[in-house]
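> Chains as they are written, first to last, in this note's numbering: chain A, 1 to 330; chain B, 1 to 330.
Derived by calculation from the structure, the hints in this document are not laboratory data. Be a bit skeptical, because a hint or two may be false.
When chains are identical, the list treats them as one kind, so a pair holds in a single copy or across two.
Below are the DSS-like pairs computed for lysine-lysine, each with C-alpha atoms no more than 27 Å apart in a straight line [stated by the list, open to error]:
(1) Lys309 x Lys268
(2) Lys192 x Lys315
(3) Lys181 x Lys274
(4) Lys274 x Lys182
(5) Lys77 x Lys2
(6) Lys77 x Lys44
(7) Lys265 x Lys315
Since the model is a prediction, treat every value here as computed from it, not as a measurement.
There are 2 protein chains.
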Amino acid sequence: MKNREIHDLLNRNEHIYILTHTLPDGDAIGSALAWGAALRHRGKKVRIFCPGVIPNKYAFLPGVLEIEDDFPASLPKGIVFVLDCGDMERLDCMEEKVREAGKIVNIDHHATNAYFGDYNIVDNSASATGEIIYRLIRENNMLLDREISLCLYVAIASDTGSFKYSNTTPRSLQVAAVLLKKGVDPSLISRKIFDEYPLSTVFLLRDALATLQLDETHSIAWMSLHEDVLDAYGAKAEEMEGFVNFGKNISGVEVGIFFYHTRKKETKVGFRSKTVDVGEIAAQFGGGGHPRAAGCTIGAREDTIAMEKVIQAVKEALYKKEGLKTVKCD
Amino acid sequence: MKNREIHDLLNRNEHIYILTHTLPDGDAIGSALAWGAALRHRGKKVRIFCPGVIPNKYAFLPGVLEIEDDFPASLPKGIVFVLDCGDMERLDCMEEKVREAGKIVNIDHHATNAYFGDYNIVDNSASATGEIIYRLIRENNMLLDREISLCLYVAIASDTGSFKYSNTTPRSLQVAAVLLKKGVDPSLISRKIFDEYPLSTVFLLRDALATLQLDETHSIAWMSLHEDVLDAYGAKAEEMEGFVNFGKNISGVEVGIFFYHTRKKETKVGFRSKTVDVGEIAAQFGGGGHPRAAGCTIGAREDTIAMEKVIQAVKEALYKKEGLKTVKCD
Chain A
1 MKNREIHDLL
11 NRNEHIYILT
21 HTLPDGDAIG
31 SALAWGAALR
41 HRGKKVRIFC
51 PGVIPNKYAF
61 LPGVLEIEDD
71 FPASLPKGIV
81 FVLDCGDMER
91 LDCMEEKVRE
101 AGKIVNIDHH
111 ATNAYFGDYN
121 IVDNSASATG
131 EIIYRLIREN
141 NMLLDREISL
151 CLYVAIASDT
161 GSFKYSNTTP
171 RSLQVAAVLL
181 KKGVDPSLIS
191 RKIFDEYPLS
201 TVFLLRDALA
211 TLQLDETHSI
221 AWMSLHEDVL
231 DAYGAKAEEM
241 EGFVNFGKNI
251 SGVEVGIFFY
261 HTRKKETKVG
271 FRSKTVDVGE
281 IAAQFGGGGH
291 PRAAGCTIGA
301 REDTIAMEKV
311 IQAVKEALYK
321 KEGLKTVKCD
Chain B
1 MKNREIHDLL
11 NRNEHIYILT
21 HTLPDGDAIG
31 SALAWGAALR
41 HRGKKVRIFC
51 PGVIPNKYAF
61 LPGVLEIEDD
71 FPASLPKGIV
81 FVLDCGDMER
91 LDCMEEKVRE
101 AGKIVNIDHH
111 ATNAYFGDYN
121 IVDNSASATG
131 EIIYRLIREN
141 NMLLDREISL
151 CLYVAIASDT
161 GSFKYSNTTP
171 RSLQVAAVLL
181 KKGVDPSLIS
191 RKIFDEYPLS
201 TVFLLRDALA
211 TLQLDETHSI
221 AWMSLHEDVL
231 DAYGAKAEEM
241 EGFVNFGKNI
251 SGVEVGIFFY
261 HTRKKETKVG
271 FRSKTVDVGE
281 IAAQFGGGGH
291 PRAAGCTIGA
301 REDTIAMEKV
311 IQAVKEALYK
321 KEGLKTVKCD
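All chains, full assembly: derive it from the sequences and hints.
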């Protein structure tokens with residue numbers, strides 16, 4: 001989609017609807033808020049929608065309270081920007097109502113994007129959807145003030161794990177540099193989005209680490225928590241995000257696994273890997289994901305049976321893997 | 001110091017000695033290796049020194065094995081570059097021998113630098129000494145290949161906590177962008193310097209979290225470990241770095257404290273704070289540091305007595321602090 005077309009589309013429409021995906025992350029929320037603010041400054045009537053709950057750690061973002069969770073029927077016709085969604089399913093059943101509201105502009109950076117829009121701005125070389133929004137704002141001479149910069153910085157820092165992940169490019173860093181010049185405080189943002197959590201999270205981590213086990217070659221490290229423990233602390237499942245890395249990060253460990261046992265006798269399994277394709281392993285159990293990060297859900301009468309099955313599958317993948325050195329830990 | 005002077009100094013000297021501080025971090029090691037490689041490429045005879053042990057996580061840096069720990073007497077006269085040292089004490093008693101080896105060029109970014117060199121290149125607006133070395137390399141048209149870029153990236157990423165700390169500037173990010181263009185892999189480096197640790201570290205964290213306590217207002221969070229526990233796992237004291245943040249990062253907590261009890265009946269105390277000046281608190285016990293990060297060592301017959309004294313001092317500082325809201329945790 002050319003800037004000329006965006007320009008025309010914006011000129012012809014007063015109403016703008018911005019949507020992003022369920023279980024939103026910093027890129028989804030930051031991109032939506034930044035794009036909304038830039039369009040409002042252009043005189044547009046903007047409403048922003050996200051199905052489900054916005055995690056508390058994003059509460060400091062300007063405009064976050066205006067995000068609505070339910071997309072109403074019979075809205076005045078306008079343009080619908082769908083941000084950071086690989087497909088319309090991530091809009092959590094809002095697709096039909098959304099398509100009625102106007103032409104869809106799909107803005108995304110996922111390689112798997114389904115090009116579901118009437119217009120598609122998809123760039124998988126961008127580290128985050130926020131990086132694409134930044135480009136649109138610059139190329140169309142739109143407002144880039146401190147608040148919009150803050151939202152875009154949150155988007156890019158979130159999706160690159162503070163510039164640690166492999167999607168970090170020279171361009172991500174250059175854009176971040178411009179956003180800092182606009183007055184963004186990187187240490188405040190990092191504290192809010194990476195380094196602040198409720199007390200319950202530390203209790204969960206403590207209890208999870210107490211369950212840490214490794215296989216005999218120290219190539220697999222796993223931990224587990226039961227839903228009852230979360231309830232005891234009033235904790236949310238999202239607080240366990242990242243726990244799996246404590247096992248994976250151990251020197252010599254190839255695969256980290258985290259088991260979350262629910263009261264419904266299901267075990268949700270998270271995998272993180274250094275070399276082995278854990279997406280394939282998760283697929284064996286009806287799950288999926290990427291080679292280095294994947295997940296699945298297993299039903300089993302006993303929690304331990306689910307764990308044993310999974311660990312066995314990981315062992316088989318590890319031993320099959322040619323040339324694997326099962327390094328002993330320090 | 002002007003580039004003209006550096007140029008002349010380099011032209012007049014064949015032997016170059018590069019030194020950095022004891023207990024070296026990524027900035028110390030990365031800067032020294034980058035500067036050494038750039039000068040070697042210029043035809044200089046370079047030796048690099050660092051008193052004490054180089055942490056294992058930097059073993060992947062090109063040239064790290066050539067770093068020597070003992071500065072010999074009677075070296076041929078040359079130039080001595082002292083990097084990332086606020087004062088000569090950080091060279092661990094090598095000062096006298098170092099001064100005999102030639103004129104000293106002090107390159108540093110600490111605001112407290114003592115200007116101890118015959119020449120001083122001190123810039124406290126730089127996020128890392130590596131950022132100053134980058135500038136010297138560019139301004140003097142020296143080599144910036146992939147290996148030198150890698151060392152400089154480690155320097156800047158280390159000292160900014162992967163661009164999370166408040167010393168991160170637009171320039172830090174712009175320099176990092178150039179280094180990525182030279183072929184540096186940010187995810188590999190981040191894994192090596194931030195996200196990989198021996199098994200013993202996870203055991204220590206598990207045991208430390210098991211001791212987590214908070215005061216009645218949930219404003220202070222503390223944990224402790226005894227030297228005997230480290231020995232049981234064959235762990236090094238450096239592995240406890242960052243544990244104090246697990247307490248400090250809890251929502252509502254103002255001060256995190258970590259107590260390390262040695263067999264000599266000493267308690268080493270680390271403080272991290274969101275608002276209270278913990279440098280002042282540490283100073284009450286003969287320690288020091290910054291307002292947000294400080295430390296001290298206390299001798300006491302009983303470990304619990306040392307802890308009680310410190311917690312009491314933090315409480316007094318907190319309650320004295322005007323307008324403090326002792327927010328209850330989630």
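> All the hints need checking, so say for each whether the structure fits it.
Comparing the hints with the structure gives:
1. Lys309 x Lys268: within (13 Å within a copy, 45 Å between copies)
2. Lys192 x Lys315: Classified as between: cross-chain Cα gap 25 Å, same-chain 38 Å, threshold 27 Å.
3. Lys181 x Lys274: between (36 Å within a copy, 24 Å between copies)
4. Lys274 x Lys182: between (37 Å within a copy, 24 Å between copies)
5. Lys77 x Lys2: within (22 Å within a copy, 64 Å between copies)
6. Lys77 x Lys44: Within one copy, since 13 Å is at most 27 Å while 71 Å is not.
7. Lys265 x Lys315: For Lys265 and Lys315, the Cα distance is within 27 Å only inside one copy (24 Å; across copies 46 Å).
Consistency note: the structure conflicts with none of the earlier hints.
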